[in-house]
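Asker: Here is how the chains run, residue by residue.
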Amino acid sequence: MQRSLVDRVYSAVVGTITGFGMLLLLAPTLVVLVISFTGGITLKFPPPSWSLRWYVELLQSQEIMDPALTSLKIAAAATILSAVLGGAAALGLARSKLKIARALDALFMSPMVLPAMAFGLSLLLVFNLLGIRLSAATLVLGHTVICVPFVIRMVGASVQQLNPVLITCSLSLGASRWYTFRRITLPLIRRGIAASCFVAFLTSFDNVPVSLFLADARTEVLPIKLWAILEGSLDVRVAAVSGVIVLLTLAGLVCAEIFGGVSRQIGNR
Amino acid sequence: MSPADTTASRQLLPVVPLAALFFAAFVLPLAALVLVSLFRDPQFSGLSLVQYVRFLSDPFSLKVLSDTLWLGAEVALATLFLAYPLALVYVGSSQFMRTLITFLIMLPLLTSTVVRTFAWIVILGRDGIVNSAMLSLGFWQAPARLLYTWEGMVLALTQIQLPLMALPVINSLLRLDGNLTRAAEGLGASRARIFITIVLPLTLPGAIAGWLLVFAAAATAFITQTLVGGGRIILMPSYIYQQAVGVQDWPFAAALSLIFTLAVTGIVFAIGALSRRYVRGVDAA
Numbered sequence: 001m002q003r004s005l006v007d008r009v010y011s012a013v014v015g016t017i018t019g020f021g022m023l024l025l026l027a028p029t030l031v032v033l034v035i036s037f038t039g040g041i042t043l044k045f046p047p048p049s050w051s052l053r054w055y056v057e058l059l060q061s062q063e064i065m066d067p068a069l070t071s072l073k074i075a076a077a078a079t080i081l082s083a084v085l086g087g088a089a090a091l092g093l094a095r096s097k098l099k100i101a102r103a104l105d106a107l108f109m110s111p112m113v114l115p116a117m118a119f120g121l122s123l124l125l126v127f128n129l130l131g132i133r134l135s136a137a138t139l140v141l142g143h144t145v146i147c148v149p150f151v152i153r154m155v156g157a158s159v160q161q162l163n164p165v166l167i168t169c170s171l172s173l174g175a176s177r178w179y180t181f182r183r184i185t186l187p188l189i190r191r192g193i194a195a196s197c198f199v200a201f202l203t204s205f206d207n208v209p210v211s212l213f214l215a216d217a218r219t220e221v222l223p224i225k226l227w228a229i230l231e232g233s234l235d236v237r238v239a240a241v242s243g244v245i246v247l248l249t250l251a252g253l254v255c256a257e258i259f260g261g262v263s264r265q266i267g268n269r
Numbered sequence: 001m002s003p004a005d006t007t008a009s010r011q012l013l014p015v016v017p018l019a020a021l022f023f024a025a026f027v028l029p030l031a032a033l034v035l036v037s038l039f040r041d042p043q044f045s046g047l048s049l050v051q052y053v054r055f056l057s058d059p060f061s062l063k064v065l066s067d068t069l070w071l072g073a074e075v076a077l078a079t080l081f082l083a084y085p086l087a088l089v090y091v092g093s094s095q096f097m098r099t100l101i102t103f104l105i106m107l108p109l110l111t112s113t114v115v116r117t118f119a120w121i122v123i124l125g126r127d128g129i130v131n132s133a134m135l136s137l138g139f140w141q142a143p144a145r146l147l148y149t150w151e152g153m154v155l156a157l158t159q160i161q162l163p164l165m166a167l168p169v170i171n172s173l174l175r176l177d178g179n180l181t182r183a184a185e186g187l188g189a190s191r192a193r194i195f196i197t198i199v200l201p202l203t204l205p206g207a208i209a210g211w212l213l214v215f216a217a218a219a220t221a222f223i224t225q226t227l228v229g230g231g232r233i234i235l236m237p238s239y240i241y242q243q244a245v246g247v248q249d250w251p252f253a254a255a256l257s258l259i260f261t262l263a264v265t266g267i268v269f270a271i272g273a274l275s276r277r278y279v280r281g282v283d284a285a
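Chain order of the listed sequences is Z and W.
Going left to right, the first sequence walks through residues 1 to 269 as the working numbering numbers them.
Going left to right, the second sequence walks through residues 1 to 285 as the working numbering numbers them.
Looking at chain W on its own, in the form it has when it is part of the complex (with noise of 0.2 Å):
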């Protein structure tokens, strides 16, 4: 080893007992994972991809895949809704409005999960806010049914995931070059037109990032999937847990985790190489 060797090794020292405690409780426990997953019965009797097999064979698994897989698709694309306009009065206003709007992004990006989600339960239950509202309006006659349903879920999980989408939106509007929209706009084009040929292609990259934290953190909602999904709509990561603890079937748990952790890492890394190549393309033009 050459002394510049040396001394670059040196310096990584500090990195030792992370990577000891990463190879420990990390690296050990995804390979356990992908062993178990291999194992033909919950009694560990002999090798075998049955597992698999018996997922991909099974139509109620397949749709618990696809459904929760659309339900991050949906809930990052209402979060995309939301935040363009949200980023769009950020980068225009004044230092007191963009400190309340980080704030307000902030709050529930720091609240606690289960927090936001029993207040969802707030509002959508029975003599929750939407249905006193809408009955004391004379809106609706008998209070209607949003709590444990898709819809519910959706909306919910949009409010807690928006400030992941919101944060590399407003980044990547900050970073858009002016002069081009004061450009188009002394040349004469609306605010609509300058908004959809040239401020959202050249975010688009931010959005893309937005959109895929937000499709992976939505897939993998827990809590609020079970608590405002209701026991009815059986999604991965409550299917994951009722075959590891409540019928002890760990292979196939195994065998879900791995597919679902491979489905939802897939699309991520495929949508997020396509935008790289598209804004390749974006700079090469």
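This is chain Z alone, in the form it adopts within the complex (with noise of 0.2 Å):
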């Protein structure tokens, strides 16, 4: 009788915790949501009214809009950067035993370990000393690197599951290598690939730390702008940016869910 008592004291502890853990990971995002609708001008919850207002005064406001676009050209110049160069390593690396693609594997790795504020000085700093104007390239150099280790383990990840006789298989029927690759590898790699591509291109997309530090006046990003706002004033504006962002990003994770299983690939991370 006492243990069955203890297992459902048990059991209850670990439902109330988990009902708690669930609520807290889901109501952000729907806070989020709710409060972009509202009709006040604060962030009251719940909001006195409901409206689209601040939907259009978004679309009004150049100052976020401008921003947005550009953070958009950056993240997708920064995920095809890091998606070629990196899959690339990637392929090179996945079944090399040289010690040097070991170490080459580390380093790629690293930008994941380094606080990200560190590395946004340190490239400041360089450019600084090497006389290197700020652009909107330099930007996208420094994305590119911390785009750079997600691609890596994915893809190689999928590299790893290819089985290497399909590749020795065609090339010994008299495929050439570029058809090889073309025919055989990339489509047997097409989810990893399209899964580090969906991460890489939200990591640049949200990044601060390295932003801070290399966006000039001309390219001004979203986030920071948003963090600017944020640490001025409480605009109910940033409402409607997140409550679009919240919804883009989940119709991108569906498309990457249908397209790649993208979740299973992160996941394995």
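Where hints are given, some of them may not hold.
Said to hold, decoys possible - For each label pair, taking beta carbons as the anchor points, the in silico distance ranges come out as:
| # | chain 1 | residue 1 | chain 2 | residue 2 | range |
| --- | --- | --- | --- | --- | --- |
| 1 | Z | Leu98 | W | Arg40 | 36 to 44 Å |
| 2 | W | Phe44 | Z | Glu63 | 34 to 42 Å |
| 3 | Z | Arg95 | W | Val34 | 30 to 38 Å |
| 4 | Z | Ala103 | W | Val34 | 15 to 23 Å |
| 5 | W | Gln248 | Z | Leu250 | 39 to 47 Å |
To be verified - In silico contact screen, one side only, chain Z against chain W (beta carbon under 7 Å); selected entries:
| # | residue |
| --- | --- |
| 6 | Pro28 |
| 7 | Ile35 |
| 8 | Thr42 |
| 9 | Ser96 |
| 10 | Pro115 |
| 11 | Val126 |
Worth flagging that the hints you see were computed from the coordinates, not collected in a lab.
In this text, a Cβ means the ideal position worked out from N, Cα and C, and glycines have one as well.
Since each chain comes alone in its own frame, lean on the hints to assemble the complex.
Answerer: Right, here's the structure in full:
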């Protein structure tokens, strides 16, 4: 009898904490979505009335739309650059047993352990010492470095799962290396590439520590702009931007899930 | 070079572009960071270790560092407390529940940090959810200050970093041999006892991996620290930013960055190494 009591208490505790945890995971996103439809002029919750006014206001706010566009461009460039360079590197490193390959792999992963603030500052210092002007290009360079670890891990995992016999077969049947890559390798690692592009894009779009040091006056990015707005006042337009970001991310997740099973890929990283 | 060596090196050819990029945009900057930290003053006149001496002899700076590391440890512990029940429910439930929990975990992971932090401003603010609920229920007489407090910051960071803990813990629970828990159950152990004597020790490596991820992420979370913690709580990331951009004291900012990096990675590697030793002990037993 006593045992079932202990078990019941245990289940109740586990269940309660899990419920709290799930609520905690979900609540902030819901709160942002709800507050973005407020008709009021403060972040009062629950909203006193409902309207789309902040979304309309957002569309008319050049000071937010411009950084948003800049962020999208920077993220797209950093994603392409990290996917091409990182993908090629992952293919080269995956089966190599050379010591230098392991060393390079560790190097490419290290932006993940380095505090991003330190990396942002170090880039600013090196560009200054070398007399290189800050621009959108220097920002893309910085973002690419922090996106590469995701590409290396996720594409690398796909390559590991690839059966090398397929490549050998294709080559011995007379196909060229390029044809084999295009028709055999690429389709088989497609999911890993798609998932890593998705994560790389979000990583760049969301990055603050690197942009904080590298963004010049003309390349203002969205997260920094939002951060600056929130430091000064609690502007409801931020809720509308957040609402748009949440909905676009959800749409992106659904697409990526259908196309590449992205959640499994991220879970494995 | 033998033919085998040539093929092996030729395989590395696609790695060259990225290696070049990393040399220019990662290795070189870090070298510059080390170099700049060795300058005596912001005018770069002469080399010395004065920035490091300045940090180590300044109680304020040392407090900023210890507060930051403590924040990371506290948040990591809080996520650990939430992640285990979540993972236990995950492994014991149907496919539908598993998908739901995965979705809930992925959601904050993929939502922009600024958005997640903004949500916490709405929740904890003066007119926020917690305050209006407590006031209307009559628990509180006046709105409490929740934003710009240490506790508020820990709570927000716990939610924001929870996915980093939940994923490795779930993965290690999934790898656990079910026969062990079934055997214990058959021999009459309570579920709490099974958890403490079997599940927890065997999934500890996953928990430690998650702990280290959250620790590093929470200690370096500039946005959440500055927006939810507010200007009065100074932690290493905002200290570095203030010294570099506000005061323009690049040598000191560089030294701060290096000390912070060494402290965080040092703790991560030390605990990682200790846990690997512990895991070997489990295998040998």
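Asker: Now look at each hint and say whether the structure bears it out.
Answerer: Checked hints:
The hint said 36 to 44 Å for the Cβ distance between Leu98 (chain Z) and Arg40 (chain W), and at roughly 43 Å that hint holds. Between Phe44 (chain W) and Glu63 (chain Z) the C-beta distance comes to about 36 Å, which sits within the given range of 34 to 42 Å. In this structure the hint that Arg95 (chain Z) and Val34 (chain W) lie 30 to 38 Å apart at CB holds, the actual value being about 34 Å. Take Ala103 (chain Z) and Val34 (chain W): their Cβ atoms lie about 20 Å apart, and the range 15 to 23 Å holds.
A beta carbon spacing of about 42 Å between Gln248 (chain W) and Leu250 (chain Z) agrees with the range 39 to 47 Å that was offered as a hint. The interface hint given for Pro28 (chain Z) is met, as the beta carbon of that residue sits about 3 Å from the closest beta carbon of chain W, less than 7 Å. Annotation: Ile35 (chain Z) was flagged as interfacial toward chain W, and the flag holds, the nearest CB pair being 5 Å apart, inside 7 Å. A least Cβ separation of about 6 Å between Thr42 (chain Z) and chain W falls short of the 7 Å threshold, and the interface hint therefore holds.
With a cut of 7 Å, the hint placing Ser96 (chain Z) at the interface with chain W holds, because the nearest CB-to-CB distance is about 5 Å. Taking 7 Å as the C-beta contact cut-off toward chain W, the hint placing Pro115 (chain Z) at the interface holds, the least distance being around 4 Å. For Val126 (chain Z), the suggested interface contact is upheld, since its CB lies about 4 Å from the closest CB of chain W, less than 7 Å.
In terms of the numbered hints stated before, the structure departs from none.
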